[in-house]
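**Student:** Chain by chain, the residues run as shown.
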Amino acid sequence: MIDLATAAPAVGAAFVASAVEVVEAFTIVLAVAALRGWRPALGGALAALGVLALAVAALGPLLNLIPLRGLQVVIGILLLLFGLGWLRKAVLRAAGLMALHDEDAIYAKEKSRLDADVRASRAADGIAALVAFKAVLLEGLEVVFIVMAVGAGRGLMIPAALGALGAFLAVMALGLAIHKPLASVPENTLKFAVGVMLSAFGVFWTSEGIGAPWPGGDFALFGLAGVFLVWALALVALVRPRLAEARP
Amino acid sequence: MSVVLEVLEELWSMFVGDRRLTLLLLAVVAVAAAAAYLAAAHMLAAGLLLAGALAVLADSVFHAARKAGR
Numbered sequence: 001m002i003d004l005a006t007a008a009p010a011v012g013a014a015f016v017a018s019a020v021e022v023v024e025a026f027t028i029v030l031a032v033a034a035l036r037g038w039r040p041a042l043g044g045a046l047a048a049l050g051v052l053a054l055a056v057a058a059l060g061p062l063l064n065l066i067p068l069r070g071l072q073v074v075i076g077i078l079l080l081l082f083g084l085g086w087l088r089k090a091v092l093r094a095a096g097l098m099a100l101h102d103e104d105a106i107y108a109k110e111k112s113r114l115d116a117d118v119r120a121s122r123a124a125d126g127i128a129a130l131v132a133f134k135a136v137l138l139e140g141l142e143v144v145f146i147v148m149a150v151g152a153g154r155g156l157m158i159p160a161a162l163g164a165l166g167a168f169l170a171v172m173a174l175g176l177a178i179h180k181p182l183a184s185v186p187e188n189t190l191k192f193a194v195g196v197m198l199s200a201f202g203v204f205w206t207s208e209g210i211g212a213p214w215p216g217g218d219f220a221l222f223g224l225a226g227v228f229l230v231w232a233l234a235l236v237a238l239v240r241p242r243l244a245e246a247r248p
Numbered sequence: 001m002s003v004v005l006e007v008l009e010e011l012w013s014m015f016v017g018d019r020r021l022t023l024l025l026l027a028v029v030a031v032a033a034a035a036a037y038l039a040a041a042h043m044l045a046a047g048l049l050l051a052g053a054l055a056v057l058a059d060s061v062f063h064a065a066r067k068a069g070r
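Protein chains in written order, with our numbering: chain A, 1 to 248; chain B, 1 to 70.
Possibly wrong hints are sitting among the right ones.
[As the list claims (entries may be wrong)] Footprint (simulated), chain A over chain B, 3 or more residues, beta carbon under 8 Å:
{"id": "1", "segment": "5 to 13"}
{"id": "2", "segment": "30 to 43"}
{"id": "3", "segment": "49 to 56"}
{"id": "4", "segment": "62 to 68"}
[Stated by the list, open to error] Ranges between beta-carbon positions, derived for each pair:
{"id": "5", "chain 1": "B", "residue 1": "A40", "chain 2": "A", "residue 2": "L49", "range": "22 to 32 Å"}
{"id": "6", "chain 1": "A", "residue 1": "G50", "chain 2": "B", "residue 2": "S13", "range": "23 to 33 Å"}
{"id": "7", "chain 1": "B", "residue 1": "E9", "chain 2": "A", "residue 2": "S112", "range": "39 to 49 Å"}
{"id": "8", "chain 1": "B", "residue 1": "G47", "chain 2": "A", "residue 2": "R113", "range": "41 to 51 Å"}
{"id": "9", "chain 1": "A", "residue 1": "L68", "chain 2": "B", "residue 2": "V3", "range": "27 to 37 Å"}
{"id": "10", "chain 1": "A", "residue 1": "S112", "chain 2": "B", "residue 2": "A30", "range": "45 to 55 Å"}
{"id": "11", "chain 1": "B", "residue 1": "A51", "chain 2": "A", "residue 2": "F219", "range": "33 to 43 Å"}
Since the hints were made in silico from the structure, they are not lab data. Glycine included, every Cβ here is placed at the ideal spot set by N, Cα and C.
Bound-form chain B, shown alone:
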């Protein structure tokens, strides 16, 4: 049973290890998808997705740095 629990924990931490990063990234994908579907702005949507992913990474790194500096 503990093996199954450990596998489930591992799967969870693979994708949701950092809740803040996960939520921000899902928000970015939602905004990019809305741009693609509602405005048919395909290049804008692709650009938004890339810029958003880079911003989420920066936020996550600086957040960790601030916590470590405290």
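Here chain A stands alone, though its shape is the one from the complex:
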């Protein structure tokens, strides 16, 4: 029986991180649907989901063959690289050093790019389906990694996968209800939260893997997340005035 304190961080991290990725994929699938209809858009998206399912089915069992501590070190380092990368971008965006992710702008850009491609080719539906396929495959790969990374270290693959599935259903329901890009989703805030959670998981798993577990067991995750959050907010506060001085 998995207790709530153990499963909650994995489910929460998988849900929020997956929501960000699904929003990005949904924006492109919606642009495809607006231009060529739902048939190629859904065809491409479903084909990508099929490829992802096959990849998970093929690679998932291999995880059981790797010794737990080795798995924790590898996944911990990958999570740290991924999490710190997200956190770095979120800090830079919050400080005004990087442009915020604008779903409306991405939607318009994808639509005009696809429009030009489609006009130049007779296989319009095929190109549209391929665009949807690539978007779902690339964003889906990140979701698969996040689910495996937060779930594999302690047998939490099913709760983490449920978190990701919940995010997928929530974004789809919302997106199909309003039928336009989810521009009002506070994406940088979500990415900030995901960066904090993945970095905390990264330190936690890597520490366990190298034989230096944190006191307090799984509850240490909350403390680590708090440290990363405070540190990242402090970095935003430090970088913002420097930037203002550099750009009079």
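We have chain A; now place chain B onto it with these hints.
**Tutor:** Using the frame of chain A, we list chain B on its own:
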């Protein structure tokens, strides 16, 4: 073929998008692992890993800020 290349590029950029951050982080993990294995200083190793990760993040943010300010 371009789909496969794009997938590989995406995977690469997921983890090695910022080479400086990647190298510094691997160095931090190596130092923490050495503390855990060689000195059996487990709390020190865990602390080193956390402090190192925070320092790597700060370095990466300030490095980007300096580049943007130029």
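**Student:** Each hint needs a verdict: does it hold in this structure or not?
**Tutor:** Hints, verified against the model:
1. 5 to 13: holds (count 4)
2. 30 to 43: Answer holds; 7 residues pass the 8 Å Cβ test.
3. 49 to 56: holds (count 5)
4. 62 to 68: holds (count 4)
5. B:A40 <-> A:L49: 22 to 32 Å: Violated - the Cβ-Cβ distance for A40 of chain B and L49 of chain A, about 47 Å, lies outside 22 to 32 Å.
6. A:G50 <-> B:S13: 23 to 33 Å: Hint holds: Cβ distance 24 Å, inside 23 to 33 Å.
7. B:E9 <-> A:S112: 39 to 49 Å: violated, 23 Å
8. B:G47 <-> A:R113: 41 to 51 Å: holds, 49 Å
9. A:L68 <-> B:V3: 27 to 37 Å: holds, 34 Å
10. A:S112 <-> B:A30: 45 to 55 Å: The hinted range 45 to 55 Å holds for S112 of chain A and A30 of chain B, with Cβ atoms some 47 Å apart.
11. B:A51 <-> A:F219: 33 to 43 Å: This hint is violated: roughly 20 Å between Cβ atoms.
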